[in-house]
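Q: Here is how the chains run, residue by residue.
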Amino acid sequence: MKLVTAVIKPFKLDEVREALSAIGVQGITVTEVKGFGRQKGHTELYRGAEYVVDFLPKVKIEAAIKTELLDQVIEAIEKSANTGKIGDGKIFVFDLEQVVRIRTGETGAEAL
Amino acid sequence: MIRKILMLLALCGTVALSVPAYADEAKAADTATAPAEAAATPAAPAATPAPVPNKGDVSWMLTSTAFVLLMSVPALALFYGGMVRSKNMLSMLMQVFVVFSLISVLWCVYGYSLTFTEGNAYFGGLDRLFLNGTFDAAKGEFSMAATFSKATPLPELVYVAFQATFAAVTCCLILGAFAERAKFSAVLIFMVLWFTFSYIPVAHMVWFWPGPDAYTAASVVDAQNAKAGLLWQWGALDFAGGTVVHINAGIAGIVGAYVMGKRIGFGKEALSPHNLTMTMIGASLLWFGWFGFNAGSALEANNSAALAFMNTYLATACAVLSWMFGEWLFKGKPSMLGAASGAVAGLVAITPAAGNVGIPGAFVIGLAAGLVCLWGVNGLKKLLGADDTLDVFGVHAVGGILGALLTGVFNSPSLGGPGFPNNWFEMKPGFESIAAQVWIQAKAVGVTILCSAVVAFIAYKIADLIVGLRVPEDQEREGLDITSHGETAYHM
Numbered sequence: 001m002k003l004v005t006a007v008i009k010p011f012k013l014d015e016v017r018e019a020l021s022a023i024g025v026q027g028i029t030v031t032e033v034k035g036f037g038r039q040k041g042h043t044e045l046y047r048g049a050e051y052v053v054d055f056l057p058k059v060k061i062e063a064a065i066k067t068e069l070l071d072q073v074i075e076a077i078e079k080s081a082n083t084g085k086i087g088d089g090k091i092f093v094f095d096l097e098q099v100v101r102i103r104t105g106e107t108g109a110e111a112l
Numbered sequence: 001m002i003r004k005i006l007m008l009l010a011l012c013g014t015v016a017l018s019v020p021a022y023a024d025e026a027k028a029a030d031t032a033t034a035p036a037e038a039a040a041t042p043a044a045p046a047a048t049p050a051p052v053p054n055k056g057d058v059s060w061m062l063t064s065t066a067f068v069l070l071m072s073v074p075a076l077a078l079f080y081g082g083m084v085r086s087k088n089m090l091s092m093l094m095q096v097f098v099v100f101s102l103i104s105v106l107w108c109v110y111g112y113s114l115t116f117t118e119g120n121a122y123f124g125g126l127d128r129l130f131l132n133g134t135f136d137a138a139k140g141e142f143s144m145a146a147t148f149s150k151a152t153p154l155p156e157l158v159y160v161a162f163q164a165t166f167a168a169v170t171c172c173l174i175l176g177a178f179a180e181r182a183k184f185s186a187v188l189i190f191m192v193l194w195f196t197f198s199y200i201p202v203a204h205m206v207w208f209w210p211g212p213d214a215y216t217a218a219s220v221v222d223a224q225n226a227k228a229g230l231l232w233q234w235g236a237l238d239f240a241g242g243t244v245v246h247i248n249a250g251i252a253g254i255v256g257a258y259v260m261g262k263r264i265g266f267g268k269e270a271l272s273p274h275n276l277t278m279t280m281i282g283a284s285l286l287w288f289g290w291f292g293f294n295a296g297s298a299l300e301a302n303n304s305a306a307l308a309f310m311n312t313y314l315a316t317a318c319a320v321l322s323w324m325f326g327e328w329l330f331k332g333k334p335s336m337l338g339a340a341s342g343a344v345a346g347l348v349a350i351t352p353a354a355g356n357v358g359i360p361g362a363f364v365i366g367l368a369a370g371l372v373c374l375w376g377v378n379g380l381k382k383l384l385g386a387d388d389t390l391d392v393f394g395v396h397a398v399g400g401i402l403g404a405l406l407t408g409v410f411n412s413p414s415l416g417g418p419g420f421p422n423n424w425f426e427m428k429p430g431f432e433s434i435a436a437q438v439w440i441q442a443k444a445v446g447v448t449i450l451c452s453a454v455v456a457f458i459a460y461k462i463a464d465l466i467v468g469l470r471v472p473e474d475q476e477r478e479g480l481d482i483t484s485h486g487e488t489a490y491h492m
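Respectively, the protein sequence lines represent chains A and B. Okay, so the first sequence: first residue is 1 according to the numbering used here, each after it adds one. Okay, so the second sequence: first residue is 1 according to the numbering used here, each after it adds one.
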């Protein structure tokens, strides 16, 4: 099993969710986050004062999936979150040791 | 320090001394036509019945009063609140809400009396303490206040309420200058002192006069003029409070920013506004409420109110555009905060001019206000080096001074202005020359700056001595909402 974490542009969230649903991903967790990468921040000007905003708002999605689905998931996120401009985000893949469905007590791939 | 307190006591003494003098004149006024309290006495066997208030005027003035209240709570509170960081939102709202209430109460206790009854050229008397004498329960009679037309009285309570909102909103304006760091108790102490020794005398000096009905003959003109406030006697024009409200508050603000010191992180960290949507709502409601402030200052529902209304409308729109284009040109982008600030700058600048200039004046004053105040919050602010959190000085003092001076220019009938009467008996045009009137305006501005700066400085020092002006550093970092008020604005 794998845990796929992707940090994407917030307005791309709906497209990514649709793309993941279409290939059979059963659920994802979404968090609003801030950060910086190569896009860096931007400056904001309020009346006379200029402020550098280092951290830009992003959305982090997490999906636990079966290993055989990994390539499709990566491709789906890559395509749906892509704008071609700097700041599109990154995808991180981790090995997942165990999953438990709390309601039924199922474990492993059955719990996904 | 002790010397300063003695000075304040001396000021109090001056006020007290003026009381007996007023009592004598009040008796004399009982027999004559007293315009400020031209009591409607239908039972008296008078040859000419006392004039009764016009219902249109009363309706308009009651409406205007409620409009000005809306300018403070919620409009100013939201305008200011949106510009502070979210951890200080409630402290901003709270300060406006409570200072407005505090000053309104003080106004009814002694403020109105010391401002709008006869005394000397600097302070009024104590005849109307606790609004004594405005309503006679035994006879069921209400006292009357003068307007700007002969035989056109207004119930005095309407005038009291209308002017109460002015005093209260003026004190609330100052709050923006030391936002995000002031101790709540110090703010309240400062407000009581500054209201008493700066707002009241300046308002009395600019706005108190015996009213048009007192000018019954050419022979009494000089004697009646002598009863008015100092700046009124000089011929200073201030329709709705360029000096009394905006310069007064703006100067107290910048003095506060200096005395209180900069916020932690000023110039280093991002101290950006937390919700400009609120600021936009606040600015819009200010624009709306300002119609009561300016057009209501005509005190009647008449031509003068119409002129003030249109000028307020137009100058504000001009200032929005000029600030916006100025910012676009010099800073790269037209911002919402800029547009909202432009609106307030235009409103401030047109305030002394509202019913005192024609439409050409409104165009020029509005366009100038947007650009000059844009400079006020940029170049001038850097020059001054104070952390005037929400630019009370850059917008209110700068805009107020600009408006006060340009009122002297555009009051001229040659520039489409209405002029003003030379005396209230003959009612001939009194506008002499632009240079002469601008000089009078400049003197009035100077007196206001001096009075407000000195009083504010002493008042801050007294508040500092009693409770300390600023919250401790860790409280400032954590935010005043939770540390001063035990609440949080947003739970999300």
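Among the hints, erroneous ones may be present.
[As the list claims (entries may be wrong)] With a cut-off of at most 27 angstroms between alpha-carbon atoms, the simulated DSSO-like pairs for lysine-lysine come out as follows: (1) A/K34 / B/K150; (2) B/K227 / B/K268; (3) A/K9 / A/K90; (4) B/K87 / A/K34; (5) B/K268 / A/K85; (6) A/K85 / A/K34; (7) A/K9 / A/K60; (8) A/K66 / A/K79; (9) A/K40 / B/K331; (10) B/K87 / A/K60; (11) B/K333 / A/K40; (12) B/K461 / A/K9; (13) A/K40 / A/K66; (14) A/K85 / B/K87; (15) A/K2 / A/K79.
Derived by calculation from the structure, the hints in this document are not laboratory data.
Q: Hint by hint, say whether it matches the structure.
A: Against the structure, the hints:
1. A/K34 / B/K150: violated, 67 angstroms
2. B/K227 / B/K268: Roughly 54 angstroms between the alpha carbons, so the hint for B/K227 and B/K268 is violated.
3. A/K9 / A/K90: Given pair A/K9, A/K90 holds - Cα atoms ~10 angstroms apart, limit 27 angstroms.
4. B/K87 / A/K34: Cα-Cα ~19 angstroms, so holds.
5. B/K268 / A/K85: Violated - the C-alpha atoms of A/K85 and B/K268 are around 30 angstroms apart, more than 27 angstroms.
6. A/K85 / A/K34: holds, 18 angstroms
7. A/K9 / A/K60: Between A/K9 and A/K60 the Cα gap is close to 9 angstroms, so the pair holds against 27 angstroms.
8. A/K66 / A/K79: holds, 20 angstroms
9. A/K40 / B/K331: holds, 21 angstroms
10. B/K87 / A/K60: Between B/K87 and A/K60 the Cα gap is close to 26 angstroms, so the pair holds against 27 angstroms.
11. B/K333 / A/K40: holds, 20 angstroms
12. B/K461 / A/K9: violated, 52 angstroms
13. A/K40 / A/K66: violated, 34 angstroms
14. A/K85 / B/K87: Not satisfied, since the Cα-Cα distance of roughly 34 angstroms exceeds 27 angstroms.
15. A/K2 / A/K79: It holds: about 20 angstroms lies between the C-alpha atoms, which stays within 27 angstroms.
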